[in-house]
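Position chains G, B and L against the provided structure of chain E, taking the given hints into account.
Number of protein chains: 4
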Amino acid sequence: MTEINYQLLKEVIHSRPLESHKGNYGRVLTIGGNLNFGGAIIMSSSAAVHAGAGLVTCATYRENLSALHTIVPEAMFVDLANDQQITAALEQADVIVIGPGLGESSAAEKIFKKTLTQLQSRQFLIIDGSALTILSHHQNWFKRFAKQKIILTPHQMEWQRVSQIPIKKQTDTRNLAVQQELQATVVLKKFGTTIYHLNRTIAHLNVGGPYMATGGMGDTLTGIIAAFLGQFHQTTYETVVDAAVYTHSALAQKLSATNYVVLPSQIIKNLPNFMLSASLV
Amino acid sequence: MTEINYQLLKEVIHSRPLESHKGNYGRVLTIGGNLNFGGAIIMSSSAAVHAGAGLVTCATYRENLSALHTIVPEAMFVDLANDQQITAALEQADVIVIGPGLGESSAAEKIFKKTLTQLQSRQFLIIDGSALTILSHHQNWFKRFAKQKIILTPHQMEWQRVSQIPIKKQTDTRNLAVQQELQATVVLKKFGTTIYHLNRTIAHLNVGGPYMATGGMGDTLTGIIAAFLGQFHQTTYETVVDAAVYTHSALAQKLSATNYVVLPSQIIKNLPNFMLSASLV
Amino acid sequence: MTEINYQLLKEVIHSRPLESHKGNYGRVLTIGGNLNFGGAIIMSSSAAVHAGAGLVTCATYRENLSALHTIVPEAMFVDLANDQQITAALEQADVIVIGPGLGESSAAEKIFKKTLTQLQSRQFLIIDGSALTILSHHQNWFKRFAKQKIILTPHQMEWQRVSQIPIKKQTDTRNLAVQQELQATVVLKKFGTTIYHLNRTIAHLNVGGPYMATGGMGDTLTGIIAAFLGQFHQTTYETVVDAAVYTHSALAQKLSATNYVVLPSQIIKNLPNFMLSASLV
Amino acid sequence: MTEINYQLLKEVIHSRPLESHKGNYGRVLTIGGNLNFGGAIIMSSSAAVHAGAGLVTCATYRENLSALHTIVPEAMFVDLANDQQITAALEQADVIVIGPGLGESSAAEKIFKKTLTQLQSRQFLIIDGSALTILSHHQNWFKRFAKQKIILTPHQMEWQRVSQIPIKKQTDTRNLAVQQELQATVVLKKFGTTIYHLNRTIAHLNVGGPYMATGGMGDTLTGIIAAFLGQFHQTTYETVVDAAVYTHSALAQKLSATNYVVLPSQIIKNLPNFMLSASLV
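For the record, the sequence lines run as chains E, G, B and L.
Using the numbering used here, the letters of the first sequence map in sequence onto residues 1 to 281.
Using the numbering used here, the letters of the second sequence map in sequence onto residues 1 to 281.
Using the numbering used here, the letters of the third sequence map in sequence onto residues 1 to 281.
Using the numbering used here, the letters of the fourth sequence map in sequence onto residues 1 to 281.
In case anyone wonders, no lab produced these hints; they're calculated from the structure.
Please note: incorrect hints may appear among the correct ones.
Pairs of lysine-lysine, DSS-like flavour, derived with a Cα cap of 25 Å [claimed, not checked]:
id : chain 1 : residue 1 : chain 2 : residue 2
1  : E       : LYS269    : G       : LYS269
2  : L       : LYS269    : B       : LYS254
3  : E       : LYS22     : L       : LYS168
4  : E       : LYS269    : L       : LYS269
5  : L       : LYS269    : G       : LYS269
6  : E       : LYS169    : G       : LYS22
Listing some non-contacts, in silico: residues in chain L with all C-beta distances to chain B over 10 Å [as the list claims (entries may be wrong)]:
id : residue
7  : ASP79
8  : GLN170
9  : LYS190
10 : LYS254
11 : LEU271
12 : ASN273
For each residue, glycine too, the CB sits at the ideal point set by N, CA and C.
Isolated chain E, as found in the complex (with noise of 0.2 Å):
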């Protein structure tokens, strides 16, 4: 097992090359947002985007436009009624982002399922808060993540659900066990998030602290995950997750210098300087 340290940042928030465009940048498409949780997926998508993808697309429902844009104008919007948009979006995304708010309707088990049945291998696929519960009630479904580059962020409980292992058995031996199983990588979030890679490489985060306990929060790191690997090629993606995570609990653990609780708007109204200070250390 492996700190993961500021150091490893600047290893992989690298200076952008002069002759590039957004299409370098990567697209980010990000999934969720049902009538109750629509903040969710916007939060997502603000933090793509101040993480600096080049083209973030947000696909929820029509109630959820009009936060959208005003929140972050620079998102694109797809209608998550709209099955043909649906079809396009995920055609000609880089990197997935699935369940934020999403909900575990059998409207949301069908766009996740479709999301896995048009995976190409090229992409990466984030899968998030309500997409890993609906996950947990289709084992079958876990076939599909053979030779694709899936990334599971659960919480405790999410993962216990997901892989039969109650919390208080979740040792990284077992944890390792169940991940490789599964062919994903699993960032499971907690006191001292671990992140568990395909390599069977693990790693492990000694920032952040309570000040992060916030609805809101895991929604936020998935912005982030996205926003890496569409624009950071140089390492193995392996450490591009790694950083990513480190981000965002390491700019949490910044502000908290000045705030109680650290809320993800705070969080990713900072990433753009955030990023610039870790990539000049």
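For chains G, B and L alone, kept in the frame of chain E given last:
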């Protein structure tokens, strides 16, 4: 009668335990916001998020959805017209706020009655604004208060309606007598806000001022009280309510050093920083 | 003719009495904002809130509800299409603003006529924008101005329409003559804004500049005048209007030290701080 | 070929004459924003407002109304589905932007054709985004460009579509040849953005960088160009276009000193301050 002082904040706003998650900091449900007064419940919800509540759900009408998600994407939404969703949300909450911008329609009465009927002894219920007026029309509802943890936050005119004590006769002795009958904590908002507790103690506020005399100020207070009750459990809930009310006015007073009028939105934005400062005194 | 100066602000923007509540600082009703010009009435409402009005209600169409609540959740909403609600709102207001973004439809004419008909002698009415143009088409409406407290805020072209004095002939003498006939205060917005009072005094502004030549600037002024009239009662209302107009331009001038163009939103945001500074001179 | 430099900004961004009003600073009309790309036209509109345009009207669909008014209440709205309103808005504008987020539907083609047909020789027309793609499908529309003041703002792929010159063969000589045939100013956005003027001069940009490679950057540029053309008349319009393009990238470069990625919203917000600094050099 005791004066609440800044030192109390340090006692209540303690360092969070390292191993904790958003579930430890309270599920707050805010109920209100009709077509005319949507801003009220949004400010209550946003105050709850910024004051550190773990999870905040706002039950309001669809017309207020976009503004809610834009102002505070961290909050979730429940449709106030959807009885089934309301039942579930009431069931799960740790702290409920009812009243900001709710209005006094028969639909408002119905949702309030449902809230009282479903109320569990483990839950806190904060009653504000329109809900206080509704309450004054249904004196028989008070009998449901017995053995519940209920906080009323009237200004003087609302307290007159509820208590039948004319403003000019609202002395501590009379207020306490009625408050004890009602079996609810009463936060009487005025110049020198006074809190009447179930244990017969009376707490008095010597901070705040007329820069707070602006619409939405009371709505904001409800969110702060809710967040504090949701997350601080080391001391009695009397102490926690005192600290929440003090935080609201002390922060306003601090902001009045640079603002002629202190707007609720300004207070809300500064809560995370103020709470940290208070916890470090 | 007198020059308004900064010292006047200190006279008007006094310390608030400790024992006071939002009801003491004025109920402002803003009427306007059709489908095309919703931003105008939102800026007027937000300016009123930020300038210290106790309670602000915005009567506009439903299409503008989300933006209103997002920009200024402290303001309440009344549906301009709901005659009954408008009647009640007109009845309760202390200060009414009509015109920003109202348009010149027959519905706009109807609501304006209703406002004039219902107007009470204790109320102030500020007439701006589209409402001035409507007024110029209904010269017989002026007879309703007698013994009312009415403030017109035309720019030069609007004043030409209302007064029938061509811009080039708008001298103080001619302006005053017509203004006295109309029996309304006239704030004539131009380079060197001039205010014609019912008592025949003329006040002149020597602050402000071309950085204010941007859409929404006049809408913002209406909100400031309304808030000042709602809360400041120690001096004559002539003095209060002068102070409001001066505040608007003096604050713009201050912001022009760091901005090539000063946007209304920027002025609004800085009102609470500017008013405090002015009161402490 | 000349390098644009900071000194040019001082030449163009002059002090405003004291006696002037919003009508002197240009009526800008922005046309775009379908259901999927609403943020694009909102950013264009907001950039125009912040860059000093006197009056900005955004012609888009109703779905984008709330976000437009919330982000920039200073802008007015015209319903893109309302042919009569569009006709009037086109008639009155001094500068028109068409394309950001417009899409390529037949409705989009129709509105674009209408714009070209109604175009007056006193007006500027900036063609961007989707409108460039539409243009590439209608080569016969170019004949309408003669004796009009048209500015195209393609990135390299869009220029390939319009000019039929493959990206790799886009040399100044070839670009200029086609541009002269088209009779339009061409702002070719790339690493080292180059501007081809009707008078055959070529201006080259040596500011900006890959921190600008993010969605919405080009939309923002259109608003800045429009505002500059609307308000600055002392020099040739070639000079004004150069200054607008330079402002966009030079401000981004300034912000890149503290941000890894510079978001369009950040550029927009800082325009009033940057323009003042440039005018004072």
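Item checked: Numbers of the earlier hints that this structure fails to satisfy, in rising order -> 7, 11, 12
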